[in-house]
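> Here the protein sequences come in this chain order: Y and L. Residues in the first sequence are numbered consecutively from 1, following this note's numbering. Residues in the second sequence are numbered consecutively from 1, following this note's numbering.
Careful: at least some of the hints might be erroneous.
Any copy will do: because identical chains look the same in the list, a pair fits if it lies in one copy or spans two.
Claimed, not checked - With a Cα cut of at most 25 Å, we get these calculated DSS-like pairs of lysine-lysine:
1) 326 - 297
2) 34 - 323
3) 205 - 52
4) 52 - 326
5) 233 - 323
6) 326 - 34
7) 206 - 267
8) 233 - 326
9) 206 - 297
10) 297 - 267
11) 52 - 323
12) 34 - 206
13) 233 - 205
14) 205 - 34
15) 206 - 233
16) 267 - 326
17) 297 - 34
18) 233 - 267
Since the hints were derived computationally from the structure, they do not count as laboratory data.
Protein chains: 2
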Amino acid sequence: MALADTNSLFELLRNGDRGALARAITLIESTQLKDRSAAADLISLAMPLSGKGIRIGITGIPGVGKSTLINSLGAQAIAAGHRVAVLATDPSSTRSGGSILGDKTRMEDLSRSEQAFIRPTPSSGHLGGMARMARETIVLCEAAGYDMILLETVGVGQSELEVDQMTDLNLLLMIPGAGDELQGIKRGIMESADVIVLTKTSDSKKEQLNAAQSALANAIPFLPMRESGRQPKVLLTDALAGNGITELMDHVLELHSTDRNNGHLTKRRQDQNVHWMQHAFREGLLEFVQQDPEFAKAEMDLRARVRDGAIGPFQAANVLLEKIRKGDVPLP
Amino acid sequence: MALADTNSLFELLRNGDRGALARAITLIESTQLKDRSAAADLISLAMPLSGKGIRIGITGIPGVGKSTLINSLGAQAIAAGHRVAVLATDPSSTRSGGSILGDKTRMEDLSRSEQAFIRPTPSSGHLGGMARMARETIVLCEAAGYDMILLETVGVGQSELEVDQMTDLNLLLMIPGAGDELQGIKRGIMESADVIVLTKTSDSKKEQLNAAQSALANAIPFLPMRESGRQPKVLLTDALAGNGITELMDHVLELHSTDRNNGHLTKRRQDQNVHWMQHAFREGLLEFVQQDPEFAKAEMDLRARVRDGAIGPFQAANVLLEKIRKGDVPLP
Chain Y
1 MALADTNSLF
11 ELLRNGDRGA
21 LARAITLIES
31 TQLKDRSAAA
41 DLISLAMPLS
51 GKGIRIGITG
61 IPGVGKSTLI
71 NSLGAQAIAA
81 GHRVAVLATD
91 PSSTRSGGSI
101 LGDKTRMEDL
111 SRSEQAFIRP
121 TPSSGHLGGM
131 ARMARETIVL
141 CEAAGYDMIL
151 LETVGVGQSE
161 LEVDQMTDLN
171 LLLMIPGAGD
181 ELQGIKRGIM
191 ESADVIVLTK
201 TSDSKKEQLN
211 AAQSALANAI
221 PFLPMRESGR
231 QPKVLLTDAL
241 AGNGITELMD
251 HVLELHSTDR
261 NNGHLTKRRQ
271 DQNVHWMQHA
281 FREGLLEFVQ
291 QDPEFAKAEM
301 DLRARVRDGA
311 IGPFQAANVL
321 LEKIRKGDVP
331 LP
Chain L
1 MALADTNSLF
11 ELLRNGDRGA
21 LARAITLIES
31 TQLKDRSAAA
41 DLISLAMPLS
51 GKGIRIGITG
61 IPGVGKSTLI
71 NSLGAQAIAA
81 GHRVAVLATD
91 PSSTRSGGSI
101 LGDKTRMEDL
111 SRSEQAFIRP
121 TPSSGHLGGM
131 ARMARETIVL
141 CEAAGYDMIL
151 LETVGVGQSE
161 LEVDQMTDLN
171 LLLMIPGAGD
181 ELQGIKRGIM
191 ESADVIVLTK
201 TSDSKKEQLN
211 AAQSALANAI
221 PFLPMRESGR
231 QPKVLLTDAL
241 AGNGITELMD
251 HVLELHSTDR
261 NNGHLTKRRQ
271 DQNVHWMQHA
281 FREGLLEFVQ
291 QDPEFAKAEM
301 DLRARVRDGA
311 IGPFQAANVL
321 LEKIRKGDVP
331 LP
């Protein structure tokens, strides 16, 4: 894409053209080499306009009611004058076409609003790549005037730790009930929660709600303190019935405004940016070295020998490092 | 050190000479370039003789009673015919001479036994370096015939995640009592525990013990499942009074033998070895690149600009990667 085209795409985007925003995100997500420089240009243009949004991570196991809550929360924010962008990184939302449709149905109010933008983030490619896309998409959405970014992610694997490096605040959604279904909550998720939201509370008996709240009250003191110095509060919601949504939104806005006023938000975002620079450099450096076929083969062989116990892991790493030091890996 | 000297040091070591083992570990820990090849030779010699030990991580906040428990557990193991090596990575054990002395006093039985070897691991240097030393020290100890390795670590920071990459099983020590002191338990520690050990139980009232057990019973279901498919059991001990030590040892040996028989132990150790190879390679590669003063300066400048928001993190990473691609970083 020529620079003039990139500039005009960006002009449309900053004036709130949703089609232009969608095309810009597609460029960011493109794996084709020819799109790289246009994508980088777009980000450079968008950067100065970004940063004003409230970035909220929303996580929880499939079925916990993320889409329904996002729909209610988003509609509430729009009614209060916000413009809302929803980025769905839930792989189950993107794995099949049917599922995306499912999400659109569950986000009915938002998908009908002119003030909302919904975008599933591709789950293909490696996690680092997805993280980069999600971060750059946030920048584009903010440049397009969206001042509330809801980043949906499914609570499995490491993704929530990456999300914690992009958001200002995180909500962890849980269904009240027996402890068993909470087993799905993986390493790090509870630790990165600023608010724990019990969902679908109308479906639960009073005793179930009490048991869930008391189990959480017992578990929360075991969590490490968030950098903000807080531990998560537990809130009850029923998005379909519209219960608890106002209270949740008020609480989130209050936390955000506190963090903004006491400087925590600025520091958090600065740290996040340095994290992403280092992360991207490390990934890129590794990728660069591994693209040498001879090196890749040597690494694979050594990995197998390490697994067999034929060579120690540090010795194996040294064999690889020697290749770099000697210049066996050709550097163009 | 000439190869002949290395060989004779190793012969002494494998015949159980504790002085030789201590000297070998000192070589491993040496930061001097001239010791590197002797250290590598020693590890190569020791590798085939290693792997037969039971590797147990013992973690908990300072004051929880790690040394006292290690003393009792170790004495029990020696009585059952084991040879016990204690590697103390607790920085508070090594920070001052007085503290090491303190540890020796608290490990009185062990420090008097011919079948025990106690070694504080230096906490100086970066974590990766410490991890490497600890891993290589385990290899040397096993080659010297120690078949039970107790790896003590203080439960702060990331160290316990690194320890989880070296051990077969981990014990997390906690003092029963009000929830407050448990705040010290950091990210990842509870998740890497195979057994939670309540210590100093004679000092606690019955109600305190009950409260601690019930708080843990509530918190444990929120932990992710260990790869072994287990969740930690809570055991009560009083090392000074000798209570609960036999039960703890029996439980640990049973877990270890289960893991050995069902193949989990082999897989865990193979995965650990691949982890350390990759970890050491990444660290080494980064170190290699950063040792170029011009690159280091560019990185520092970019970090500051990223923090200020003057440049995006991914763009900054690309600037650095371009330096590598162009060969601006001289490779000898």
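> Now tell me, hint by hint, if it's right for this structure.
The hints, checked one at a time:
1. 326 - 297: both (17 Å within a copy, 24 Å between copies)
2. 34 - 323: Classified as between: cross-chain Cα gap 21 Å, same-chain 32 Å, threshold 25 Å.
3. 205 - 52: Classified as neither; 41 Å inside a copy, 53 Å across copies.
4. 52 - 326: neither (48 Å within a copy, 36 Å between copies)
5. 233 - 323: Classified as neither; 52 Å inside a copy, 47 Å across copies.
6. 326 - 34: The answer is between: 20 Å across copies meets 25 Å, while 33 Å in one copy does not.
7. 206 - 267: neither (41 Å within a copy, 45 Å between copies)
8. 233 - 326: neither (55 Å within a copy, 51 Å between copies)
9. 206 - 297: neither (60 Å within a copy, 61 Å between copies)
10. 297 - 267: between (42 Å within a copy, 23 Å between copies)
11. 52 - 323: neither (46 Å within a copy, 32 Å between copies)
12. 34 - 206: neither (58 Å within a copy, 70 Å between copies)
13. 233 - 205: Within. Shortest intra-copy distance 21 Å satisfies the 25 Å Cα cut-off; inter-copy 30 Å does not.
14. 205 - 34: neither (57 Å within a copy, 70 Å between copies)
15. 206 - 233: Classified as within; 19 Å inside a copy, 30 Å across copies.
16. 267 - 326: Neither way: residue 267 and residue 326 sit 41 Å apart in one copy and 34 Å across, limit 25 Å.
17. 297 - 34: neither (28 Å within a copy, 31 Å between copies)
18. 233 - 267: within (22 Å within a copy, 40 Å between copies)
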